[in-house]
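Novice: Listed in order, the protein sequences are those of chains G and D. Note that the numbering used here has the first sequence beginning at 1, numbered continuously upward. Note that the numbering used here has the second sequence beginning at 1001, numbered continuously upward.
Fair warning: there could be bad hints in the mix.
[Unchecked claim] Restraint-style ranges between C-beta atoms, simulated for each label pair:
no.: 1; chain 1: D; residue 1: G1220; chain 2: G; residue 2: A166; range: 50 to 56 Å
no.: 2; chain 1: G; residue 1: I303; chain 2: D; residue 2: R1047; range: 33 to 39 Å
no.: 3; chain 1: G; residue 1: R66; chain 2: D; residue 2: G1220; range: 33 to 39 Å
no.: 4; chain 1: G; residue 1: K107; chain 2: D; residue 2: R1321; range: 36 to 42 Å
Bear in mind the hints are in silico, worked out from the structure with no lab data behind them. Glycine included, each C-beta is placed from N, C-alpha and C at the ideal position.
Residues per chain are reported as follows:
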Amino acid sequence: MADLKLENIAKSYGEVSVLKDINLDIKAGELIVFVGPSGCGKSTLLRMIAGLEKISGGTLEIDGVRMNEVPPANRGIAMVFQSYALYPHMTVRDNMAFALKIAKMSKEEIDAAVEKAAKMLQLEPYLDRLPKALSGGQRQRVAIGRAIVRDPKVYLFDEPLSNLDAALRVATRIEIAQLKEAMPDRTMIYVTHDQVEAMTLASRIVVLANKGIAQVGTPLDLYERPENEFVAQFIGSPSMNLLPGEVVETGEVTTVKLARGGVARSTVPTRPEDMGLKVNIGVRPEDFVPAEGEAIYTGHVDIVEALGEVTLLYFQPEGDAAPVIAKLPGIHHDRRHSQLSLSADPAKVHLFADGRSLLYR
Amino acid sequence: MSPILQGIITIALGVGGCIAYFYASNLVLDKVIFPPRGADPGRNINRANMVRPWLFLFPAIAALGLYLAYPVVGSFWRSLFNRNGTEFIGLGNYQKLAADDTFRQAVFNNFLWVLVVPALATFFGLMAAQLTDRIKWGNIAKSLIFMPMAISFVGASLIWKFVYANNPQIGLINAIRDAFHLQPLDPLQIPFWNNFFLMVILIWIQTGFAMVILSAALRGIPEETVEAAVLDGANPFQLFFKIKVPQIMPTIVVVWTTITILVLKVFDIVYATTGGNFGTQILPSYMMSYMFRDDGRATAVAFVIMIIVLPVMIWNIIQARKEMR
């Protein structure tokens, strides 16, 4: 129901610039997830959309209307906070009804809206309790309910699950996904640092880093076709291995001779003038397979972490380079302290020059 | 002997005495009263452990009993005797109080004080706390409002006596009246209303106290609840009265009751301004007026004050505990 348009949005605190040149088009009904490392400004961006932080530069439009100076209550948004932010002195019912009472709606309308939201979130038995008598998951549901009653055009979620324990987090995540399903025309913006939440919930993910947007795309876009090394390493766990090398053969299939020995082939096409180009190849740990013959990396397995369904193998290259990690299906305790060669499907080998993917140029 | 040496010896005796007490009493308990020997050593050890906490508590209980419990009982006992303490007269002092018009006047005035002073001091303190919160010179304003706290009640009374002075050259009130060509008057001699002029002094002093405590409480409110209310469309008044004030209600109650208890004890202001004349007598100053003249009657008043303060005190402690949790 509501499109959002962020144009050259910037945020600075005095001299210190936190965000700049944020350009983003959000279509009605999308669930956009902002992810990024701590301090990248993802919550700040959300709070600027909410109107809790001043926008230092650029314009924010909701449904084509400039919102920079519009007070938060009139932007047609509702926000769910990490700490729930329930009013501790009000019952669940009053918490949910507060905004409607402020808006001077009739008692019947308020009751109807509250009952409907409570039913949707299975909060009916708790309507007359105070927040302190609720569990963490129930509190978060009340916070979501408080947003639902207002029937906003845009829902903003600021790390709503990070105060919940692991099991509850999964359950609530699924509830949020169902909520989105039930309201397909509502736009949602969701901030998290948890990439599982990002991958499972998002229709599109916005990766924020270095005061700007590193990449915008569907979850699988980011996973399969990262635009730069930052996104490549940020999405996926453990993060993608980057190995330095030099292009020795160009064309539809590119061959890279790696600095630590080994040869990698990639289906990322290169041009003849790329010959000799210094690149980093990127291989996800789960894309490595034990090799016979030509290998991308050969080394000594230092540490084995058997997680049951998969086993993580850590190779410590000489010098202080980051360890190379391979994720093999099954349990492989016997690999410890053995020599192992790894290769990968050329379609799964990424190429980066100066930090940017050669796929996009 | 030099004072320093005296101090050192006192400290040594005190600390040494404590250590000696705990060591010796535990030794007696373990070796003499319940030795882990004989027919049932296990039972003896258990009994010794049940007694042990009381060994540690004893000095504190004894001190509290001596300085807090004994005076209460002692005062009550004294209030049952005549002015010299020579003759037991039962509840005679209380009967005399009940028949005394000044006493009834003092009870009524005290009732007014309890009603007005805590309410206004808390209200002004709350306003000052909120209004000084976000402004640049807020801290300076707070220091100024807090400053009367540092003045003794007698000092404050003298300052306000100047304000109320029956002379346009000295008194602020009469200077203002003079500017409008009104005759000077003595505000402290206006019946009934002079009580309120005296209350102003205590409100002036206690607003700073209320402000400091309430300001800390306001800052303790989770910022998110305020932001959530902003998003819900609350205006600044609704934000303050519907979100902030309810959340600091326990603190407001504690401040309120603390000032109430104080009001029931302050005699200095009345004593130093009107001396209880012109119908301004309150219980503490009434008590002071009988002290040393008729100790029986004075202790009876003290006991009445204690009975009045007690429920407020209990309420106060319950609230303070609730807040600590």
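Novice: Could you tell me which of the hints above the structure violates, numbers in ascending order?
Specialist: 1 and 2
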